[in-house]
Amino acid sequence: MNKTPAAGAPPKRAIDIVNASLKRRYARERRFRFIGLSAVILGLSFVGLLFADIIAKGHSAFVQTYIQLPVHFEAAVLDPDGSRNPEVLARANYQQLIRDALRTEFPGVTDRRETRTLYSMISVGAPTQLRDRVLANPDLIGTTQDVWLLADDDIDMLVKGHIDRGLPENQRRVKDQAVGWVEQLEAQGRIAKRFNTIFFTNGTSREPELAGIAGALMGSFYTLILTLLFAFPIGVGAAIYLEEFAPKNRWTDLIEVNINNLAAVPSIVFGLLGLAVFISVFGVPRSTPLVAALVLTLMTLPTIIIASRAALKSVPPSIREAALGVGASPLQTQIHHVLPLAMPGMLTGTIIGMAQALGETAPLLMIGMIAFIVEIPSGFTSPSTVLPVQIFLWADSPERAFVERTSAAIMVLLAFLILMNLTAVLLRRRFERRW
Amino acid sequence: MHTSTLLILVLAFMSLAYYVGRKRAISTAGGVTRINTLHSLPVYYGLYAALWAGLPALLLMGLWAGFQDDILVALVKSELPATMLDGLSPGAASLLVNDIKNLASGAIVSRTPTPEMQLAADRYNLYNQFAVWAMWLAVSALALGGMAFAWLRTQPKMRARNRVESIFMAILVIFSSIAILTTLGIVLSVLFESMRFFQEVSPLEFFFGTLWSPQTALRADQIGASGAFGAVPLFTGTLMVSAIAMFVAVPIGLMSAIYLSEYAPRKVRAWAKPTLEVLAGVPTVVYGFFAALTVAPFIRELGMSMGLNVASESALAAGLVMGIMIIPFVSSLSEDVINAVPQAMRDGSYALGATQSETIRRVIIPAALPGIVGGILLAVSRAIGETMIVVMAAGLAANLTANPLESVTTVTVQIVTLLTGDQEFDSAKTMAAFALGLTLFVVTLTLNVIALHIVRKYREQYE
Amino acid sequence: MSTTLDEMTVRTRATTSAELASGRESRETVGDVTSANPRMVCRHVDVFYGSTQAIKDVSLDIGKNEVVSMIGPSGCGKSTFLRCLNRMNDTIDGCRVTGSITLDGLDIYDKGLDPVPLRAQVGMVFQKPNPFPKSIYENVAYGPRILGLTNSKAELDDIIEGSLRKAGLWNEVKDRLDKPGTGLSGGQQQRLCIARTIAVSPEVILMDEPCSALDPIATAIIEELIDELRSNYSIAIVTHSMQQAARVSQRTAYFHLGDLIEVGETNQIFTNPKHKLTEDYITGRFG
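Protein chains in written order, with this note's numbering: chain L, 1 to 435; chain Z, 1 to 463; chain Y, 1 to 287.
Quick caveat, the hints were computed from the structure, so don't treat them as lab data.
All C-beta atoms, glycine included, are put in the ideal place defined by N, C-alpha and C.
Keep in mind that the hints are not guaranteed to be accurate.
Claimed, not checked - With a Cα cut of at most 27 Å, we get these calculated DSS-like pairs of lysine-lysine:
1) Y:153 - Y:134
2) Y:153 - Y:174
3) L:248 - Z:457
4) Y:179 - Y:153
5) L:313 - Z:101
6) Y:179 - Z:457
7) L:23 - Y:153
8) Z:457 - L:313
9) Z:23 - Z:157
10) Z:267 - Y:276
11) Y:128 - Z:457
12) Z:457 - Y:134
13) Y:166 - Y:179
14) Y:276 - Y:134
15) Z:77 - Z:101
16) L:23 - Y:111
To be verified - From the derived model, a few chain Y residues whose C-beta atoms are all more than 10 Å from chain L:
17) 36
18) 57
19) 107
20) 134
21) 148
22) 172
23) 177
24) 203
25) 218
26) 283
Whole structure, please, built from the sequences with the hints as guidance.
The following block contains the structure:
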């Protein structure tokens with residue numbers, strides 16, 4: 001049985017040689033397997049780390065610190081002539097009321113600098129809060145009410161524990177004195193953390209405690225709606241033509257190669273296109289959902305076309321033959337028979353494309369979505385920003401309070417993306433068909 | 001009098017035309033009982049009428065909306081006293097027009113309005129109003145005219161279905177050409193601006209210069225007053241960040257693809273694969289945030305504790321996070337090509353007494369190598385074009401360095417910075433962004449074409 | 001090599017079409033399943049894929065220096081049975097083998113037995129030639145390299161030349177050993193695969209329809225080769241072609257729907273089948 005007569009060596013069965021080296025080979029096998037497993041675990045732990053980091057940073061943004069103060073709605077300040085005229089009430093100096101309340105609460109503070117520190121404990125948005133209360137109920141005038149006032153972001157951070165009270169004073173944004181006041185209020189139960197509705201109802205702001213994602217969400221919503229309106233019909237139409245009707249020639253080959261390449265073009269290049277063509281040449285207004293949607297449509301089209309073609313491919317030819325056989329025109333065959341069967345696949349591709357569009361940032365920076373826009377956009381041509389760009393802008397802000405708001409905005413964005421992808425997966429599962 | 005209201009009106013005309021066209025077809029045929037004498041189903045006559053009512057009107061509307069403003073501006077400008085436009089550069093003239101428009105719409109104006117400007121603004125408003133009315137009239141007339149035309153043409157012998165279908169087919173052809181138009185648009189827009197850039201800055205300086213300082217100085221005596229556009233530090237920065245990313249992504253991605261497709265029990269694979277692919281669905285801005293606020297400080301601390309001087313915006317942090325982002329990309333592409341290796345190869349190897357890892361390392365990987373290389377090239381192209389991570393986590397300073405702990409800048413970062421700051425449109429600074437865009441586009445396109453070609457050849461080999 | 005024709009009692013049972021449906025008891029084998037000088041001994045082998053049974057109670061020996069051919073209609077389980085002999089079925093999910101199969105007296109399905117060295121002893125040649133996408137030289141060198149059979153380049157060269165010679169391919173490829181194996185013709189590729197198998201010095205060679213993808217001339221060359229290889233190895237060959245079985249094998253086993261119906265000297269099976277099903281098959285009434 002031996003065929004390897006090595007010179008000088010006694011004949012040996014091959015299996016013995018094999019068995020001799022087996023241990024070493026298995027050690028290598030285990031090592032290789034271990035490396036593979038570690039790669040998977042490492043990859044999975046990155047997922048875990050990313051999400052844990054975002055959640056750890058962002059969860060506290062869903063609550064907001066409020067300070068309870070007895071506010072005297074001084075008639076002399078609010079309504080000097082007693083007319084209860086809403087215009088007068090709207091313009092009154094509400095900040096005065098808050099300052100008075102603070103001074104009453106901490107009568108020992110007289111020094112100018114200290115007074116300023118004291119005033120800065122309450123958010124600059126609090127006067128508006130009071131105004132809205134008075135306008136809703138003018139009977140408050142002249143009374144003294146315990147009001148929960150929005151705290152400034154530094155105080156918010158201190159209460160949430162993001163500012164370490166153990167640090168030396170000069171390394172802290174909130175000084176010892178203010179910490180003392182906060183501790184006093186805390187002891188009296190006058191500091192509370194409540195659900196942060198502002199985060200979901202406000203547009204952005206320079207003040208972290210007043211900044212919200214509503215504007216960006218609406219901007220994303222308008223942009224996505226338009227993108228869907230443009231991209232879905234065009235994508236499906238192009239897919240039908242290329243897959244079902246196009247003759248096989250150079251032109252269609254070129255289109256095909258083109259689509260595959262476009263899918264891999266860096267997104268920022270689409271931004272350059274939007275800037276140079278849509279804004280400069282066609283005069284589409286900057287910073288609007290319209291121009292964003294045009295750019296995102298071109299960006300997501302390849303995804304939708306490729307997915308739609310795959311869906312069309314999976315419809316067996318027998319169905320087409322059957323329809324053509326009973327006298328349907330080619331277009332009727334498509335619309336009545338092929339499209340309904342391919343639709344789940346097309347929708348899945350579209351949802352994935354829309355998820356891409358929702359998360360896209362870079363090209364939108366080029367076309368002015370980066371502008372600081374406080375108002376919540378009201379239409380397709382009103383200036384707006386979108387959620388990912390808002391995240392980018394906030395991430396750049398130095399305030400500690402913006403870190404948690406950025407993370408929270410990311411959580412909202414991810415929640416939408418997960419929802420969309422889950423829908424796509426379920427859709428695929430539900431309609432997956434084997435022919 | 002909003003344009004969208006007009007759009008709705010046209011849509012209403014279209015549905016009316018559909019209804020009328022259908023009715024007309026049935027009545028010309030001689031009633032419901034005789035519709036079999038029609039060439040096509042009544043529906044197609046309806047669609048035929050609707051298309052006639054809608055398409056020309058919509059086309060007119062689009063053209064009108066596109067050109068109305070240019071015409072109005074030209075009109076207003078021609079009526080301005082000649083003294084106001086004398087000696088104005090095109091930029092200043094367009095600024096003036098802008099102010100007139102702002103004045104007209106009641107927005108904030110950058111200068112105190114003169115009576116002439118006020119007059120022009122009033123005229124602009126007047127013309128505008130007139131133009132809007134004219135558009136409404138013209139569009140509605142065209143829609144009604146189209147409807148009437150279709151009504152006249154409707155008779156049993158007319159081949160409505162064929163006509164409608166050929167229109168639809170034409171629309172499909174247009175849709176499928178959009179991909180080509182997009183590419184053309186990209187090429188033209190970056191090429192045009194780049195040409196202008198290269199008229200001011202020599203390509204030699206751009207591609208081989210080592211000093212990048214695009215800030216045009218405010219004072220003449222500032223350093224780099226004219227701006228320096230040597231892009232080499234950008235290229236090396238891009239390459240370094242991409243290389244770090246690939247260093248992370250390729251081994252992890254490839255090994256997890258191998259483990260998941262060859263070793264993992266089905267259950268593990270069923271949840272590990274989609275979980276890993278979550279990484280591909282996370283928006284890049286999230287990675288940027290993660291890189292800038294978590295990874296970069298961590299690396300900095302780590303480096304400091306080892307006595308290394310790490311920049312707070314190190315290439316390493318950006319590259320690492322970019323690598324994480326690319327892992328699922330590499331792993332799913334690799335898995336595809338590994339699965340495409342025929343089972344017969346594995347059988348042949350096992351039948352010779354090979355262990356699983358020997359089969360993978362010595363047969364499957366070599367067999368899948370072209371496909372894997374193609375996938376990696378695609379990943380490289382993605383790394384080079386990735387923007388948000390580097391914008392947020394890499395620096396702005398164009399350092400020519402090989403030290404990954406230092407801060408570098410990349411092509412994409414510079415494009416964003418050049419185009420998002422306060423900008424005057426025709427400056428060399430903004431045009432430089434397009435030249436960088438052109439470079440980026442050409443490089444990624446080349447990589448993609450090569451990669452897709454390799455992958456396709458590879459697929460064909462085993463089909 | 002002769003096999004004593006020790007007639008086994010034949011339980012004569014009518015075979016109706018209804019009986020062909022699955023879910024019935026296994027049939028007893030007609031003829032002598034044993035070999036005088038057995039190398040591999042299989043007893044009462046059952047194979048399941050999930051809950052379906054692909055092989056039912058099959059017993060068969062493969063003797064030294066003989067070619068055993070396995071014939072039968074498609075889906076009769078002959079390939080499945082062949083793949084049990086070197087545990088290639090292990091790579092298929094949900095495949096379960098019961099009964100005993102021994103190689104030189106060692107149970108190959110013993111828990112402690114490792115399939116990796118087993119496969120070095122029981123080589124396999126597949127239906128479609130499957131050379132690795134490497135050079136001709138590397139294709140043959142692959143086995144000896146991973147198994148660590150040689151220590152020197154010269155030794156390896158010897159093995160490769162020897163194997164290619166035995167596979168009858170040496171003269172055709174000796175000048176282009178560094179060219180890819182996939183560039184050879186189908187018949188050459190299959191002989192390359194045989195050379196690859198021989199290079200690791202197996203004791204048994206399993207061949208799964210080795211000629212089904214080849215033209216008649218290439219088939220003739222391989223058949224001749226099989227006959228030559230018999231002097232050194234035990235060979236089990238699955239084939240679709242009855243003529244091939246008649247030409248190359250000494251003993252033939254007829255499989256039908258997972259049962260081993262009849263085993264005997266090849267001459268006897270083709271000239272004087274004892275079982276009705278065998279007779280129907282070789283006379284071309286079905287299959």
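Taking the hints in turn, this is what the structure says about them:
A C-alpha spacing of about 18 Å is found between residue 153 of chain Y and residue 134 of chain Y, which places the hinted pair at or below 27 Å, so the restraint holds. Under the criterion of a C-alpha separation no larger than 27 Å, the hint pairing residue 153 of chain Y with residue 174 of chain Y is consistent with the structure, at around 17 Å. A C-alpha spacing of about 19 Å is found between residue 248 of chain L and residue 457 of chain Z, which places the hinted pair at or below 27 Å, so the restraint holds. Distance hint between residue 179 of chain Y and residue 153 of chain Y is fulfilled; the C-alpha atoms sit about 19 Å from each other, no more than 27 Å.
Proximity of residue 313 of chain L to residue 101 of chain Z is assessed by CA-CA distance (about 53 Å); at most 27 Å being required, the pair is judged violated. Straight-line distance between C-alpha atoms of residue 179 of chain Y and residue 457 of chain Z comes to about 19 Å, which keeps the hinted pair within the 27 Å bound. Note on residue 23 of chain L and residue 153 of chain Y: the hinted pairing holds, with a Cα-Cα distance of about 23 Å set against a maximum of 27 Å. Taking the CA atoms of residue 457 of chain Z and residue 313 of chain L, the gap is about 21 Å. The hint holds against a cut of 27 Å.
With a C-alpha separation of about 16 Å, the suggested pair residue 23 of chain Z and residue 157 of chain Z falls inside the 27 Å cut-off, and the hint holds. In summary, the hint linking residue 267 of chain Z to residue 276 of chain Y is not supported, as the alpha carbons are separated by about 47 Å, beyond the 27 Å threshold. A distance of roughly 22 Å separates the Cα atoms of residue 128 of chain Y and residue 457 of chain Z; the hinted pair therefore holds under the 27 Å criterion. Distance check on the hinted pair: residue 457 of chain Z and residue 134 of chain Y sit about 17 Å apart at the alpha-carbon level, within 27 Å; holds.
For the proposed pair residue 166 of chain Y and residue 179 of chain Y, the alpha carbon gap of about 20 Å is at most 27 Å, so the pair holds. Between the alpha carbons of residue 276 of chain Y and residue 134 of chain Y the distance comes to roughly 48 Å, so the proposed pair goes past 27 Å and is violated. Note on residue 77 of chain Z and residue 101 of chain Z: the hinted pairing holds, with a Cα-Cα distance of about 11 Å set against a maximum of 27 Å. Between the alpha carbons of residue 23 of chain L and residue 111 of chain Y the distance comes to roughly 17 Å, so the proposed pair stays at or under 27 Å and holds.
With a least CB separation of 19 Å from chain L, residue 36 of chain Y remains clear of the 10 Å interface cut-off, as annotated. Listed as a non-interface residue, residue 57 of chain Y keeps its Cβ farther than 10 Å from every Cβ of chain L; the least gap is roughly 30 Å. Non-interface call for residue 107 of chain Y relative to chain L: holds, since the shortest CB-CB distance, roughly 16 Å, exceeds 10 Å. Once the 10 Å rule is applied to beta carbons, residue 134 of chain Y is consistent with being away from chain L; the minimum gap is 20 Å.
Distance check for residue 148 of chain Y against chain L: the nearest CB is about 4 Å away, which does not clear 10 Å, and the non-interface claim fails. Separation of residue 172 of chain Y from chain L is adequate, the least Cβ-Cβ distance of about 21 Å exceeding the 10 Å criterion. Residue placement check: residue 177 of chain Y keeps its beta carbon more than 10 Å from all beta carbons of chain L (closest about 19 Å). The non-interface label for residue 203 of chain Y is inconsistent with chain L: the shortest C-beta to C-beta separation is roughly 6 Å, within 10 Å.
Once the 10 Å rule is applied to beta carbons, residue 218 of chain Y is consistent with being away from chain L; the minimum gap is 25 Å. Interface exclusion of residue 283 of chain Y from chain L stands, the closest Cβ pair being 39 Å apart, more than 10 Å.
Checked against the numbered hints listed earlier, the structure breaks hints 5, 10, 14, 21 and 24; every other hint is satisfied.
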